[in-house]
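Peer 1: Residue numbers (the numbering used here), protein chains in the order written: chain S, 1 to 430; chain X, 431 to 748.
Please keep in mind that the hints were generated in silico from the structure rather than gathered at the bench. There may be inaccurate statements among the hints.
Think about it this way: if two alpha-carbon atoms lie no more than 25 Å apart in a straight line, the pair counts; the simulated PhoX-like pairs of lysine-lysine are [unchecked claim]: (1) K518/X with K387/S; (2) K496/X with K139/S; (3) K693/X with K136/S; (4) K701/X with K387/S; (5) K709/X with K378/S; (6) K709/X with K301/S; (7) K387/S with K496/X; (8) K442/X with K496/X; (9) K378/S with K518/X.
Fair warning: this is a prediction, and the values are worked out from it, not measured in the lab.
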Amino acid sequence: MVWVEKYRPKKIADLIVSDSILDQISKWIDLWKEGTPVKKAMILYGPPGVGKTTTVHVIANELGWPVVEMNASDLRNRDSMKRIALMASIYGDLTTIGENRSGPNKIVLIDEADNIFEGRSRQSGGDTGGISELAKIIKSTRNPIVLTMNEYYEFRRKSSASEIINEALNIEFLQYKRRNDTDYKQFRMKLLARINQILREEGIKIGQSQIMDIVERNENDIRGILNDIESIRDYGQGGASSQADVGYRDSAQNIYKAISTTFKSQDYNKVLRTLYDKDFTTEDYMMWIDQNLPDEAQEPKDLMDAYEVLSRADRLVGRVFKKQHYAFKMYAEEMSAGVSVMIKEKNEHYVKYKFPEIIKSMSRMREARRSREQLLMKLSVAAHTSKRKTRDYFWFYSYLATRDKKFLEGIEKMLQLSDKEVARLKKSGK
Amino acid sequence: MLDIWIEKYRPKNLSEIHGQKENIQKLKSFVNAKELPHLIFAGPAGTGKTSAALALSIELFGENYKENLLELNASNERGIDVIRENVKDFARIKPSNELGFKIIFLDEADQLTSEAQAALRRTMELYSSTTRFIFSCNYSSQIIPPIQSRTVVMRFRPLIPDQMKSRLNDIARKEDFTIDEDSLTAITEISEGDMRKALNILQAIYSSGEVSARRIYEIAGYAQPSDFKKLLSTSISGLFDEARAVLDRMLIEDGLSGMDIVKGLHSYVRKEPIAPRQKIEIIMALAEAEFRIVEGSSDNIQLDALLAKIAYIGNEYS
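Next up, chain X with everything else stripped away, as it sits in the complex (with noise of 0.2 Å):
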């Protein structure tokens, strides 16, 4: 087993799911009838979409869930017919089980776009009668009417701070340590009831060897990466030769994208204390870097007309 405490920690049945308690009664009333529809998990990172799917697998397959499973994810994959190839692939072996039906679960479906999504349906229709499909997405909105109409929609909620702290308690007594309130506090705090991200930390405050809610804001800040921060000051303050070295390096050396290193950027720029008219003069630049990344052709000579853009704003604004 893999030691990130998330995938050492997923739940392994229905019952253990914090939170979510409707979704995970109608969830085993599917698997109480050995019947399901095609579904969809609506909600934030983190809330247990992709754990109810696994936990749903392990119930309704046992121990070969594995083969009865396809997990896919919209973002990972390179274009609606690789996943229409694997779903064809996949759905094209019978059923190892004597449910007769096999589970798609396509992770990020709202990031597919409608045309996609509606390749993707007649796929659906297509092998109806031996898959079933669990979309997951952040908004079901971003899911289109017919793939709706088909579908039993779930909502998935943040989870609340007592929810949280009791699955993070139980971590931390099965990986033999102990965690203070403020700790738990500073935690449920950041994550903002994101399971994911609450779990994340606390691995990395557990690695670190000081189990405080102080090191636990430290680690927050530190996931703001320091190479943007210093793109950042190095052109803001006209440094420009300097600033473009750490662009350079972070596309040649560390294989950013032109998109990274905007969004990134920009990600950073929001949380920084910059003065209002500074800020804003660098989120237009940053949009119009984005928009002439996406429409032109050399990524570099953007980002570098990018940072000359953000040298002036810190000359002129200052």
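Only chain S is shown next, with the shape it has when bound in the complex (with noise of 0.2 Å):
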């Protein structure tokens, strides 16, 4: 069994979640044990893999309640939708109906709600949105119903929305927000304390700062945690070139020896043979001629020969989505093999080839990119601005923040900027 599910919580005390948010929410359960209570739903919001689904089903775990469980992309007709509203409206099951029951004794759970728009299609009618007739459910609702949302801000800004919004109880997983602030600091005790106790139960002996490193490289995703470290115990610590490439190696020996190839072969058919029985992508294999090809090259006529056949060959990868035509990637493959036939002036040294820096960052750039594009939004909303334009005056907001600390202040409140969108804001200020 994978850790992730091994290691799934049970309790409440298993969770890695701060205890103001355990509050909330036991509070809110309370009040629906009494009766019903004004908000009748709960929105938990924050990026991936930071317990927001984990946390509903414990929470009903203790409770002996059920969960029944929505995906969003479930709610694209009317027919589930009509099952959500009479499963929100019972008491008890579908086996049970007629049964003397009072009380609320489900949760009914709506996860990735921020889809709902997107997933509806025709098939719903046309005449009521999943939005709003997700509002309407929430109104009449006699149990208890947890959307849960990883675009919270997108989510705010379609229309009917706000019906949600106003009915529910706004509950934001903070982990990436406020460094400093005491919620942040129990999640990541929490965490550390969860990650020890698990390398203690496999009989793992990991290096603390190495922790560290994987926790900041997954940016807290608890998941992709403990994925990374699972990854360590599989493939042993020794032998790696370096321990960032955890959770990439299981391919690297074999690349590793074809780039190897590749780079000092005189013989391009012996490349093309050490491609015949590959385990990696063509994909992967030209992301590691990039990362290593400078090294290889010193002439600068020759990087740009060679960089030339390795943009062409990715022209080519492009095209095979785009035309569907499977057979670009044979040439795209046969050409990045023969980058080295362009180096005129070989580099006679033993060169380290290193592990592509795209792939080891791909979760930072896209979380950095989700989080830039978010950014931009709402300043975007706030300024009456588009994005496009809003990127264009980025420097002025940089300004103003990094020397206005009363603007500084404001947009941080207005836009609920989290710690790391001001960092983002002020750090091209300087």
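Dock chain to chain to rebuild the complex, using the hints, since each chain is given by itself in its own frame.
Peer 2: Right, dumping it as structure tokens:
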């Protein structure tokens, strides 16, 4: 069993969630036990992998209530909407209708609720939107409804979303926010304690600094952290060129050999032969070449010519998808395999081939892009200016943010900026 | 109220809008008649298109204008379907005013492809009894003829220096500081009739603590990010590894896309004093890189190839 499953929290004490969040949730549940509260729904939002869904399951488990789970993509058609409406409105489940039950006894969970809008299609009849339909269900529900989402601010902009947001208790899983606030510190403490407990149980020894690296690299995504640590166990700690390669190492041996043959062999046919039984993708192969090419080509012209081949090969890879024509990929691979032919002045020295920076940083890059876009979107809405234009004026916001404390405080509060977003804003303003 | 001056001092009614006299008169006549055709506001950035739409809505709907106005931005939304869904959701709810219609303001409508515009036209027809569309764009020629023929086109012109100066003076007075004629001239020169730009610069120099023409030019230069400068200077002098480190940081830490980087480099290169032969070679390399990013699969490979080419250009044509 993979760790993510094996160590999925079963008790509230196992949850890696700050006490204040747990407190808010259990108070809300208490209200339900006494009757129907004013806020009948709860929205849990935050980045992926910080335990939103798990928390719901654990709490339901402690209560002995079942969770009726709907994924937003289920909400495409009317029938499933009706099903939610029904489950929300009755006590008990479909098999116990009519039995005398009183009081709420289940949690209706709508996962990834920020996708509801896009998930909706003509099948819904087109006359009522998924969001306003859901708002209606919330108004009349007799059981607690929980919505989870990543893109809260995008969701908030959708029409009818306010009907849901105003009717709900909104809780942010704020692991990214405010690194020095107590919630965050508590989360980090629980996270590290949990990791160390798992390592003890598995009998694995890893230095604390390496753990911290993994935690940072995964941006507190618990799922990602567990997967990475698990792969250290699988591949061992010795032998790896760098501990940061954790989790990408399965095909690294083979690709390493292919890369060194690509660059060092004088025989193009031999290079092609090493690719026959490869266990890595063409795209990975090309990224490895991209990473290591500059160490092999010493002359500007050589570097440019070699990159020209790689760049054209990449264009073919792009066309594979656009034209749905897979044969292009073979050409792309064979072209990439020939980059060293373009290098006239070869580096005769030993080159230690490096793992592609870009693969290592993929999730960080995605997160940076996502958070930058989100920040731009917030500024864009506040200033009635398109995101495109806002990008042009980013310098201006940065400039003010670093110089005008009042401005920064105002904007931070109004746009609910996280620490990260504030840092991003201030960074280019120096 | 958010302390961004372009918001703080956004006109609250049509009379407060500087310039665009004829347009404003026409809009006022619509308000008096309590009737509104579909509109296209065409003109460059910062000439009052969004302000006119907001002020018009306030005059028509009063305090509840927010319920009766849907602001959409063509370049913000994730495709025409999202826009249509938003329009649909908004149009479906009966107008909460006595006029019997609501306004949909679609900013940067010229960012939509003609197919998307055609789809939008059908949506427009469908809800024409309860909604009026205002399309804002830089050039009305970028709007498809079937939409143009159903709308009244209004052209917004760049503000002339005197109009800008009087507005800037107004705001300086309200913020309790004085600004000399040299500074006013500097701002109007740099912002070329774009009020948004002018106000942003004014707020920036005010926050810097020194309101002077010298500081204004300094800030205008500041708008060019130093990362692009570094990216170009390292790659053109053949420091490939350093250039790549800068690039990786921009991609990974700052979250820029490949396209952001090519476009940013382009606007930087255009203004830089570089030998003409080098400049044209670099511009050709940028064009090719942009094309290949669109066509290709990995931004990273294309950008690294671009840096290698710039390094070669720097070496070959020095």
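Peer 1: Look at each hint and say if it fits the structure.
Peer 2: Each hint tested on the structure:
1. K518/X with K387/S: Distance ~23 Å between K518/X and K387/S Cα, so the pair holds.
2. K496/X with K139/S: 24 Å, holds
3. K693/X with K136/S: Violated, because 46 Å separates the two Cα atoms, which is more than 25 Å.
4. K701/X with K387/S: Judged against 25 Å, a Cα distance of about 24 Å means the pair holds.
5. K709/X with K378/S: 37 Å, violated
6. K709/X with K301/S: 18 Å, holds
7. K387/S with K496/X: Holds, because 21 Å separates the two Cα atoms, which is no more than 25 Å.
8. K442/X with K496/X: Roughly 13 Å separates the two Cα atoms, so the pair holds.
9. K378/S with K518/X: Roughly 24 Å between the alpha carbons, so the hint for K378/S and K518/X holds.
Of the numbered hints listed earlier, those contradicted by the structure are 3, 5.
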